[in-house]
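Peer 1: Reading the sequence shown from the start, the letters are residues 226 to 549 in the numbering used here.
These aren't lab readings, by the way, just hints derived from the structure by calculation.
Treat each hint with caution, since some may be false.
Unchecked claim - Ranges of calculated distance between the beta carbons of each label pair, as one might list FRET restraints: (1) Thr-344 - Glu-377: 20 to 26 Å; (2) Val-274 - Glu-378: 38 to 44 Å; (3) Val-346 - Val-315: 30 to 36 Å; (4) Lys-540 - Gln-465: 25 to 31 Å.
Stated by the list, open to error - Taking lysine-lysine pairs in the BS3-like style, the calculated list, with each CA pair at most 25 Å apart, reads: (5) Lys-301 - Lys-429; (6) Lys-228 - Lys-280; (7) Lys-540 - Lys-518; (8) Lys-301 - Lys-385; (9) Lys-365 - Lys-482; (10) Lys-228 - Lys-540.
Glycine residues also receive a C-beta, built at the ideal position from the N, C-alpha and C atoms.
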Amino acid sequence: MVKIALALGPEPTPVWTLARQAGVEYVVGGLDLNPIPNASDEQQPWSYVSLARLKATYEDAGFNLQVIESRPPMEKIKLGLPGRDEEIDVICEFIRNMGALDIPVWCPAWMPILFVLRTSVTIPSRGGSQVSGYDHDYMKNAPLTEHGVVTEEQQWANLKYFLERVVPVAEKADVKLAMHPDDPPLSPIRGVARIMSSVENYQKLVDLVPSPVNGIGLCQGNFSLMTDNLPEVIRHFGEQDKIFFVHFRDVQGTPDKFVEAFHDDGQADMAECVRAYRDVGYAGVARPDHFPKMGDASIPDEHSMERLFAIGYMKGLIEAVYTE
226 MVKIALALGP
236 EPTPVWTLAR
246 QAGVEYVVGG
256 LDLNPIPNAS
266 DEQQPWSYVS
276 LARLKATYED
286 AGFNLQVIES
296 RPPMEKIKLG
306 LPGRDEEIDV
316 ICEFIRNMGA
326 LDIPVWCPAW
336 MPILFVLRTS
346 VTIPSRGGSQ
356 VSGYDHDYMK
366 NAPLTEHGVV
376 TEEQQWANLK
386 YFLERVVPVA
396 EKADVKLAMH
406 PDDPPLSPIR
416 GVARIMSSVE
426 NYQKLVDLVP
436 SPVNGIGLCQ
446 GNFSLMTDNL
456 PEVIRHFGEQ
466 DKIFFVHFRD
476 VQGTPDKFVE
486 AFHDDGQADM
496 AECVRAYRDV
506 GYAGVARPDH
516 FPKMGDASIP
526 DEHSMERLFA
536 IGYMKGLIEA
546 VYTE
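Generate the whole structure from the sequences, applying the supplied hints.
Peer 2: Shown next as structure tokens:
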């Protein structure tokens with residue numbers, strides 16, 4: 226059965242309490258994985274000691290840590306620059322320590338230079354809520370970045386170099402690699418190719434370095450912009466046992482212009498998506514993501530109504546589908 230998780234930072238907040246009260250048992254961990262200057266190896270955030278402390282903090286609050294979605298620096302890897310081998314060494318150490326602590330999934334992302342892009346975070350939505358969105362009209366004439374044109378061919382070569390070195394380590398550590406999609410799934414942007422932007426390219430990813438640990442983080446919001454039949458895509462990759470992590474969210478629009486949406490107000494058939502996960506035997510975690518901002522300025526964020534709405538929607542939908 227699909228397990229509901231929330232992404233929670235490394236320090237307890239009121240959201241942690243609300244999540245447990247709402248019945249959430251699983252967590253997607255987040256921490257700053259940038260190197261700490263002048264720190265010992267044991268003090269670095271990817272060390273065994275640091276990750277053990279993180280896991281214990283979640284467990285003390287009643288959570289089971291299933292995924293780490295934070296990433297150590299990877300820009301040199303993605304751009305094929307000098308120093309990429311040192312970045313790969315850090316990632317390999319990070320993965321070994323995850324495995325030693327039985328943290329089963331890491332979610333890398335392959336978006337060089339330009340990460341998740343939004344052109345607005347205050348778009349009016351249902352009942353006065355606010356959502357984020359992307360409109361490529363604001364970006365299509367933007368100048369190249371300082372790196373100039375970065376081609377798809379360069380990106381695939383750099384990705385293969387990375388996977389060939391990291392996948393054997395992940396296999397030995399029994400840690401799955403759940404690659405996050407480009408957000409938005411549009412290429413190029415400002416001259417930078419974004420190769421995790423189509424269903425076909427995701428198949429190319431899993432075929433590039435075949436392994437039981439080389440798979441995908443299926444962000445439904447991004448994938449629903451790549452296809453008009455998201456349940457079919459879930460079945461396609463689920464039957465290959467390549468879905469290791471799910472972002473359960475929805476959007477309205479196209480890759481060129483879209484807005485985030487409430488779970489019950491997007492373009493995907495969310496019930497049919499859950500049926501697809503059920504049918505392929507997916508038993509990993511799914512976390513709600515990119516919540517609309519609910520309420521108004523008088524309501525403190527720690528009330529986290531948007532998260533509670535998402536959890537309740539997911540719990541009801543999962544229970545209904547799995548009892549059909």
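Peer 1: Compare the structure with each hint and give your call.
Peer 2: Results for each hint:
no., hint, in the structure
1, Thr-344 - Glu-377: 20 to 26 Å, "23 Å, holds"
2, Val-274 - Glu-378: 38 to 44 Å, "41 Å, holds"
3, Val-346 - Val-315: 30 to 36 Å, "31 Å, holds"
4, Lys-540 - Gln-465: 25 to 31 Å, "28 Å, holds"
5, Lys-301 - Lys-429, "22 Å, holds"
6, Lys-228 - Lys-280, "18 Å, holds"
7, Lys-540 - Lys-518, "20 Å, holds"
8, Lys-301 - Lys-385, "14 Å, holds"
9, Lys-365 - Lys-482, "12 Å, holds"
10, Lys-228 - Lys-540, "9 Å, holds"
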